[in-house]
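Using the hints provided, position chains F, W and E relative to the given structure of chain R.
Protein chains in written order, with the working numbering: chain R, 1 to 338; chain F, 1 to 338; chain W, 1 to 338; chain E, 1 to 338.
Derived from the structure by calculation, the hints contain no laboratory data.
Ideal Cβ positions, reconstructed from N, Cα and C, are used throughout, including at glycine.
Be aware that one or more of the hints could be misleading.
The list that follows gives simulated cross-link-like pairs (lysine to aspartate or glutamate, EDC-like), each with its CA atoms no further than 16 Å apart [claimed, not checked]:
1) W/Lys-269 / F/Glu-245
2) F/Lys-166 / F/Asp-102
3) W/Lys-166 / W/Asp-190
4) F/Lys-331 / W/Glu-325
5) E/Lys-269 / W/Glu-325
Examples of chain E residues lying across from chain F (beta carbon under 8 Å, computed) [to be verified]:
6) Arg-130
7) Arg-235
8) Leu-278
4 protein chains.
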Amino acid sequence: MPGVVGFALFGAGRIGALHAANIAASHPRAKLAYVFDTNQEAAASTAAKYDAQVAASVEAALGDASVDAVLIASSTNTHVDLITAAARAGKAILCEKPIDLDIERVERCRRDIAATGVPLQLGFNRRYDRSHRAVCEAVRAGEIGALELLVITSRDPGLPPVSYLKVSGGIFRDMTIHDFDLARFILGDDPVEELYATGSIMVEQQLRELGDVDTAMVVMKAASGALVHINNSRRAVYGYDQRVEAFGSRGMVQSENLRASTLTRSGVKATDAREPLLHFFMERYRQAYLDELTDFINVVDAKRQPTVGFEDGRCALLLANAAWEALRSGKSVRIRYD
Amino acid sequence: MPGVVGFALFGAGRIGALHAANIAASHPRAKLAYVFDTNQEAAASTAAKYDAQVAASVEAALGDASVDAVLIASSTNTHVDLITAAARAGKAILCEKPIDLDIERVERCRRDIAATGVPLQLGFNRRYDRSHRAVCEAVRAGEIGALELLVITSRDPGLPPVSYLKVSGGIFRDMTIHDFDLARFILGDDPVEELYATGSIMVEQQLRELGDVDTAMVVMKAASGALVHINNSRRAVYGYDQRVEAFGSRGMVQSENLRASTLTRSGVKATDAREPLLHFFMERYRQAYLDELTDFINVVDAKRQPTVGFEDGRCALLLANAAWEALRSGKSVRIRYD
Amino acid sequence: MPGVVGFALFGAGRIGALHAANIAASHPRAKLAYVFDTNQEAAASTAAKYDAQVAASVEAALGDASVDAVLIASSTNTHVDLITAAARAGKAILCEKPIDLDIERVERCRRDIAATGVPLQLGFNRRYDRSHRAVCEAVRAGEIGALELLVITSRDPGLPPVSYLKVSGGIFRDMTIHDFDLARFILGDDPVEELYATGSIMVEQQLRELGDVDTAMVVMKAASGALVHINNSRRAVYGYDQRVEAFGSRGMVQSENLRASTLTRSGVKATDAREPLLHFFMERYRQAYLDELTDFINVVDAKRQPTVGFEDGRCALLLANAAWEALRSGKSVRIRYD
Amino acid sequence: MPGVVGFALFGAGRIGALHAANIAASHPRAKLAYVFDTNQEAAASTAAKYDAQVAASVEAALGDASVDAVLIASSTNTHVDLITAAARAGKAILCEKPIDLDIERVERCRRDIAATGVPLQLGFNRRYDRSHRAVCEAVRAGEIGALELLVITSRDPGLPPVSYLKVSGGIFRDMTIHDFDLARFILGDDPVEELYATGSIMVEQQLRELGDVDTAMVVMKAASGALVHINNSRRAVYGYDQRVEAFGSRGMVQSENLRASTLTRSGVKATDAREPLLHFFMERYRQAYLDELTDFINVVDAKRQPTVGFEDGRCALLLANAAWEALRSGKSVRIRYD
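Next up, chain R with everything else stripped away, as it sits in the complex (with noise of 0.2 Å):
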């Protein structure tokens, strides 16, 4: 029988927050032993609402046997030491995305924790919604033939803080990496080889100053031919947009939006009116965190390797990569995984 696993938190911040919850409240086999924050407050204030302890240091949580497990949602320029010392000390390691916005560090990383072989899950948290799951399942299951054309849009109901902007990686590495992670998460194991990227700054006119844009269009071919597209904004006023239409030889199926209710509205103006989308992935991806824990508990549970791995972040740090140098260059780039 399944037993308990122990929890290690690092990072106390608003999506380490959600994830203190999911493991000490919402989890039946998930117990939330140690929070650690460089921000002490942060860390005192997690721990206490669900019993946990503050770690001293990041040694001493790792360094207690009844921690099986480390969940880092601490900022992503700490993401690489974390896994390394997490992995030496055997514990397995959930990890948000993404790695590391440095493709070198994120090679050495591997080199790293590949001698460990402690299972390594990257916090794709489209890959767990039921929808878009869905969508990846009936592509599989072969239910619209070969795959021969994959919309992504994803929009942002706001921008983040400037302060934020800076040190994110621009909007590729920060928020596209998620469509590029759920497209090839839909392709399976059809690899991209080609792609073309634009964008233009709409929404916030700071971005030029970081060389970073708001709203992107990305083009993307695999290797079978299929082709993919992704749009971004950083502002959809009626909330946060994630659909997929994924289309083939013999059909089309499409993951649509969540709403807190599905109240529509009729008057004269408009008819069938529904409410905005949930607001941002706090709401939208909410079930999805909740199934990428457990997903993450029956890899440790079953010492297995998990289904969206390290290997996952690296490839969609390179999609995001190549679509800055497409960007820059009006060229299309063409991938190369080694």
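Then chains F, W and E, alone, in the frame of chain R:
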């Protein structure tokens, strides 16, 4: 090869004008020969528009051998006399609903024209709406197995003038009669045996003096046990609401409303909002009126009896009368068709 | 700060198990102290699963001061005795519907517990469904102006066992009672004054011996003139069909069904096809049961009366009884609430 | 008062026959005077059907003063000559797209007819589709604020014969050209500055020899920064898929597909399933062709220039050519319009 059918139009009001346009300008096998209306100006104007003659009298039009058929779109109280005269003249008849408000006159008319054998088609436009018709066809094809529940939503966009309401025969004979016929259309050879109705005045208090209501609900039970519900309002601010839902042992089919376009809008307050419904019957059933005319022309050509005829008009009136009886008595009414 | 509410659960069947899970594993402010069931195995199994005690008797559980509240999920015929005992013991009560099938026993129970003043919340789950609730809130907020038509579609996916049907009180007291309560919820302080009902046996011929029906329609008229329609079937092959449509002088609001995902499929034969509906009440009203529990815990904390209480259970039963009377007499029934 | 416009029709193939019917049988202010086709049988059959004359030659038709306008629906390689001849004869011109596949010939034609001043309307049917048009109007009215993303989905139900494909100019000049024009229509005075395209052969391997593709994606960037995506397939098994989505700073508008009816089906395997899409352009854009003709007749009457003219045809071809260049080079192409 089918020939051209010459029409005499009786009645050049709003619905008469629509039929005139359909006969004269939209149907390749119809010709508008005469227009008659006691309002000579209306007759002259419609005739001029379509190069037809103004008939000096009903008899004049019926006496012309080039007239194959009459379309009766005059006020309800003239229908029986015009039907009788046209039948005796051997002309095929397309008559707007209802035959008459008085079941005794309807029965007499039935006897009077029985011997003539002319085809008489009743203008129950809903039978020709492609969506409602698709519901009927799916039911007949056995797609939903045995029909068990039928729900008809039928709401006008606004109340007609009180002057009209006074001679309308009340909501059940004027408005619900279409829904009674639609129910009979879908039920096929499964007759309604029992009917209950209730109603309220929610829109126009003047109806109280007329003994009429503007908001109503009907429940009927057919011989098979299938149950039918109709709900009516004289005022749907979002447009003419016309829906049918047929539920059975193997599933459900529904027909939805029509709009001028498929535009949807998503903004801060609402998402996927569609346009208001098509305003009223002239818009919603525009195609239905054309298809109804085509069916009638085929009837005339083939010298066959129409699929919706006198008996359908009589039975719908029986149900409407039963609804008034039920509303007044508070008791369900057993329907007798003989 | 709100404390943790200790629960004794009476009844460990299917719905009891759901409540046990909600209390013990999904609600941070609830604790499952005792489980009691005449089926000791069921009690033991549920208690073990959530670290609760098996109560040797109802009295034992009610005698423990750490029990703040009882949740009654046992068979209907035990409800009145358990309510009475719990009320006398000063425990807050959350009781599954219906209170009882016999209005005399309900009236007696009302008198018996009147003096105790304990809060008693009835388990009308639909009131906590976020979509139905959104309809209610829109109506209350005046979004559709005066409510004029209310249409409730309520169809079960399949018939319960005949053994259950024998003690169910018949469709109106067992199934439609939820819809009666939902209508009352949306009507607010506008009481139903008149009711008509009819029904058929379309699914299971054995119901004839029980005097029950499996397919039914109800029409009700409220004091304001608002008309209400309910249609029921015991067998919707496409899943648990639960919809509400409220129509008024200024527009319409509707609540739609729920599905496991937003996937749609388009192929040769159909487009935009959605998944079957969530199977039944355990799935469709999963969130509603949680929200219902939260509301009850807030009632206990705040020592206030619940928003859905004994009187609501009594009135819903009065309407269900009237439905049987109408079905048998063929006449509409005036409702007397005193 | 507007008069009747006399038409000479050049080309009596499939699309010519549709235009003949619209001119002769569906539009009160149009008259079909002549039909010309090098296939004399086709010309004779169409002429006979609508009481028009077969023109012995193009010159004969153009020499008749009762001919006010020509409708060019012949094969693409004849367009330029017919345009030039008609312009010199002073006839108004409604010409099917494209003007020609060769931009040099198009430029020469532009110079040749410049002095004549005759109105020339291009047959970009999508501009007259009421749903796409509603998207355009909403954008122009500022409903979505600044346009930021435009996504056009355009998929044919099946591949044309290879014989046609050989002379079609390839997917971008034959099929996507409509989408390029639609994008330009919605962008208004915001010109496309940069274009990238890619494509695959997923449907018909014979295309390889033709240097054509059957599955394609385009990304464009307008002067404002607005980004445009088009995706195409030659084979959508569920019907002719034609959708437009315009996203901006204040919201989103979308146009959806059309079906023959609003029927939906719910059963064991799927719910709310709609019918397949209207099969192809003859069905989907039936109303659009009529509205296009009406607009043209108003142009002729008012002696004004059409809203979609020669320059639109030329620019769409420039974009199509750029798409071929991008597909072959793997680089985005800067568009030069002069």
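### Task
Find the hints from earlier in the document that the structure breaks and name them by number, from lowest to highest.
1, 3, 5, 7, 8
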